[in-house]
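Trainee: What follows is the residue order along each chain.
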Amino acid sequence: MADVARHPRIELHTLATVEAASGSVGNFKVKIRQKPRYVDVDACTACGDCAKVCPVLLPNEFEAGLMTKRAIHQLFPQAVPAAYVIDMDHCLGTNPIACGKCAEACGVHCIDYDDQEKVFEVEVGTIIVATGQDVMDPTPFEEYGYTRYENVLTSLEFERLISPLGPTLGHLIKLSDRTLPKTVAFIQCVGSRCDDGRGKPYCSNICCMNTIKDSLLIRDHWPDVEVKIFYIDIRAFGKGFEDMYKRSKAAGAKYIRGIPGEVMEDPETKELILHVENGDTGRLEEHRAEMVILSVGMEAPADMRKLQTILNLQKTPDGFYLEAHPKLLPVDAATKGVFFAGTAEGPKDVKDSVTQASAAAARALRLMAEGKVHIPAITSTIDEDLCKFCEVCAKACPYGAITVDRKTKKPAVVAEAACAGCGTCGAECATGAITMKHFTDEQIIAQVDAMLADRPEEKIVVFACNWCSYAGGDFAGVSRLQYPPTMRLVRTMCSGRVDKKFVLHAFAKGAPVVLVSGCHYVDCHYIDANRWTQKRVERLWDQLERKGIRPERLQLEWISSAEGAKFQTVMEAIEKIRRTVTPEEIEHTKKVLEKNLLEVPILV
Amino acid sequence: MIQKMGDGLGERVGVFVCECGMNISDTVDVEAVREFAETLPGVVHASVNKYTCSEPGQQQIKETIREKNLDRIVVAACTPRMHEPTFRACAEEAGLNPYLVEMANIREHCSWVHTKEKAAATEKAKDLVRMAVARGRYLEPQTEMESPVIRRALVVGGGVAGIQASLDLADSGIDVVLVEKQSTLGGVMAQLDKTFPTMDCPT
Ligand SMILES: Cc1cc2nc3c(=O)[nH]c(=O)nc-3n(C[C@H](O)[C@H](O)[C@H](O)COP(=O)(O)OP(=O)(O)OC[C@H]3O[C@@H](n4cnc5c(N)ncnc54)[C@H](O)[C@@H]3O)c2cc1C
Ligand code: SF4
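So the sequences go chain by chain: H and B. In this text, residue positions in the first sequence follow my numbering: the first is 17, and each later residue adds one. In this text, residue positions in the second sequence follow my numbering: the first is 184, and each later residue adds one.
Simulated from the structure, these hints should not be mistaken for lab results. One should not assume that every hint holds.
Pairs of lysine-lysine, BS3-like flavour, derived with a Cα cap of 27 angstroms [as the list claims (entries may be wrong)]:
no., chain 1, residue 1, chain 2, residue 2
1, H, LYS134, H, LYS198
2, H, LYS343, H, LYS411
3, B, LYS233, H, LYS592
4, H, LYS404, H, LYS270
5, H, LYS582, B, LYS251
6, H, LYS45, B, LYS364
7, B, LYS299, H, LYS262
8, H, LYS367, H, LYS265
9, H, LYS216, H, LYS367
10, H, LYS198, B, LYS377
11, H, LYS190, B, LYS377
12, H, LYS551, H, LYS343
13, H, LYS244, B, LYS364
14, B, LYS301, H, LYS592
15, B, LYS377, H, LYS270
16, B, LYS299, H, LYS322
17, H, LYS45, H, LYS426
18, H, LYS606, H, LYS582
19, H, LYS367, B, LYS299
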């Protein structure tokens, strides 16, 4: 921490958050809002004379509320920057009957009650988002008696309790009578792996190991204290973790498979009673402990939304940030030039947080070391005259590369450096204002027309995305998997590019069957562009049905690059469908969809 | 309505059909495909090569581009996921914009998957070439652009992850602006007593 404050290349702003951002990879302009500290960071010597005279007592959040702080305070002795700060919401200094005691006590005159909020702009090439986690609040789990019973604590409170720098200087005591507990019980998965809506469905990743760590610390320092751990299963998957788990057991910690349904307190002795169904024996058991620690998990920070909107970042259903690709781009955000580090992306321990931070730094460095970004040729372009400011493209773009303003009627603008070239915007734009370079409407329709020029009834039109389905076809080829020779592939970068009008045009030209294929949902190479494909195909099915065309003639399949066998199966299944399509049906379709025929100069 | 781009429709397309040793020609009648290609509108050259991606194969493409003043080329061979970069580079060396190259995948998507249906495979290969020529004529030259990257990074959040990222960048000579919403760095880790698995102090 101190290295950061000392580093000549690091400009540290505390009490500061991101207020707004514009620009794109390579050149972001970011507005930062910094709250006043009321203490001059450079002048303050952190002597603490000010806090000694401050009359206001407040709970110290760093000590999980187990200690107090003054209105002027330093959260903990090693805080960086090493300077005090005034909590102005509670300071009496600006009240009519001014207090002003701390300013009087300060020998170096570093306190300024008139300090103002600052808003300033920085220009940066890359951004690393390391906004971390919130520790879960166990209050919704009323059955554990947290806040009702003094001796029920969270694992974070316990961390402070046994810290040599914490409220008890590291003495393990019960809060009810300040004596050493005879038994400490840990309840695992509080708030995690919870499907009833009070907590989160995922595993928080660190709490099993944290409890194992605490059990070792207790058995080591206070060998007379019994440790009981109530768990669903122990997740000790990391390097060295299993060994620690074994040591904890060897040190005498008792592991009981089962989560207590309730914690009750003996009002006189303050002893806590836990009822649990032991999963190993199947018997109902009663356990007693003098202290219960709720092993709470992590969740995405409550105030994440603001930064998410400013930088156009995506979240997973868990609430944490979504990486650009779960395997191949694990620290990149969808917004180019933005990277994730640490628990902002998902629950993880310190080692993984640090590993990811170094990876994020390397990814950012890669752009900055070269000093330039290559803007790929395949991007979208806008015809301003055709744009009707409907904002559909801006919504469809998984990268937030398009800005439109419906209110001021400002036509869409593409930040080419941010565009990844999936073409979803082009498919969604109803006015034809968007052209996808190298995958234009004309180029694609010319291909369809060429395919269907002779005996269209014998052909199956397949739109295949470059990364998965087309590659799946390649894999079928490499594996020599045989399938009927009726299908012809039209390659697009993403299935999101497959415009409704391409499909209708193909049917109007006499195609018996059309297949739209893309990557499996989570594998989409353009974040979630294939969700637009899905919605579009669903709408097309309705439309075809209304027009009396069998919706089965339009197929949608997700095929990955490794699924050569699936590619083969799908092709065989679709050939079967083709054989059911009668010449009368095709004629009927051609007539019904006549208006959907597109004009491209005939080249075939 | 559909978007039209430019007006430079390809009028001098060259088609290069590959045998890929016998990988293609065992199943597909490449000579028939070549003859068919010659009949397509806009095509001024069609030839067959044993290994189009080989040095002599590429040489032939380059020479033909120059001699016949080709404005688009279509290579009917393997998947573009394999050799599109090869043929783009080849076109560029002959003075043709690399984005004026189109491929017809008559190997992975044709000869290898219809080995027992030679006639049908040949018909399919013809279609694939016809599709590639049709699309190819509409291709437009493209340029890959560059834009500068400011050598300064913003790190949002000063927990252990933000600290590590900032130090790594700063130590690599990059200026870092680190923004932390609390009054101190540290995040959750600063609150921990000892940390697993090594049981050392975090700060
Ligand atoms: C009880 C408990 C015990 C644990 N024990 C261990 C252990 O023993 N070993 C281990 O390896 N791991 C342990 N962990 C996990 C460890 O705490 C995390 O892996 C680590 O703290 C993650 O660091 P981080 O930087 O990603 O997030 P954080 O520590 O949450 O830091 C994020 C920082 O970003 C700041 N911030 C957030 N939003 C903004 C914003 N919009 N603008 C500016 N700043 C912002 C926050 O104020 C915070 O300082 C434990 C976790 C808990 C809860
Ligand atoms: S790490 Fe252990 S305690 Fe935490 S949620 Fe996962 S299983 Fe439960």
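Trainee: With reference to the structure, classify each hint as holding or not holding.
Mentor: Against the structure, the hints come out as follows:
1. H/LYS134 x H/LYS198: Not OK: H/LYS134 and H/LYS198 at ~52 angstroms, beyond 27 angstroms, violated.
2. H/LYS343 x H/LYS411: holds, 25 angstroms
3. B/LYS233 x H/LYS592: The given pair, whose Cα atoms are some 36 angstroms apart, is violated under the 27 angstroms limit.
4. H/LYS404 x H/LYS270: violated, 68 angstroms
5. H/LYS582 x B/LYS251: violated, 43 angstroms
6. H/LYS45 x B/LYS364: holds, 19 angstroms
7. B/LYS299 x H/LYS262: violated, 61 angstroms
8. H/LYS367 x H/LYS265: Between H/LYS367 and H/LYS265 the Cα gap is close to 24 angstroms, so the pair holds against 27 angstroms.
9. H/LYS216 x H/LYS367: holds, 23 angstroms
10. H/LYS198 x B/LYS377: It holds: about 22 angstroms lies between the C-alpha atoms, which stays within 27 angstroms.
11. H/LYS190 x B/LYS377: holds, 20 angstroms
12. H/LYS551 x H/LYS343: Since the Cα atoms of H/LYS551 and H/LYS343 sit roughly 25 angstroms apart, the hinted pair holds (cutoff 27 angstroms).
13. H/LYS244 x B/LYS364: violated, 38 angstroms
14. B/LYS301 x H/LYS592: Given pair B/LYS301, H/LYS592 holds - Cα atoms ~21 angstroms apart, limit 27 angstroms.
15. B/LYS377 x H/LYS270: Distance of about 21 angstroms is within 27 angstroms: holds.
16. B/LYS299 x H/LYS322: violated, 60 angstroms
17. H/LYS45 x H/LYS426: Holds, at roughly 21 angstroms.
18. H/LYS606 x H/LYS582: Violated. H/LYS606 to H/LYS582 sits at ~31 angstroms, over the 27 angstroms cutoff.
19. H/LYS367 x B/LYS299: Distance ~56 angstroms between H/LYS367 and B/LYS299 Cα, so the pair is violated.
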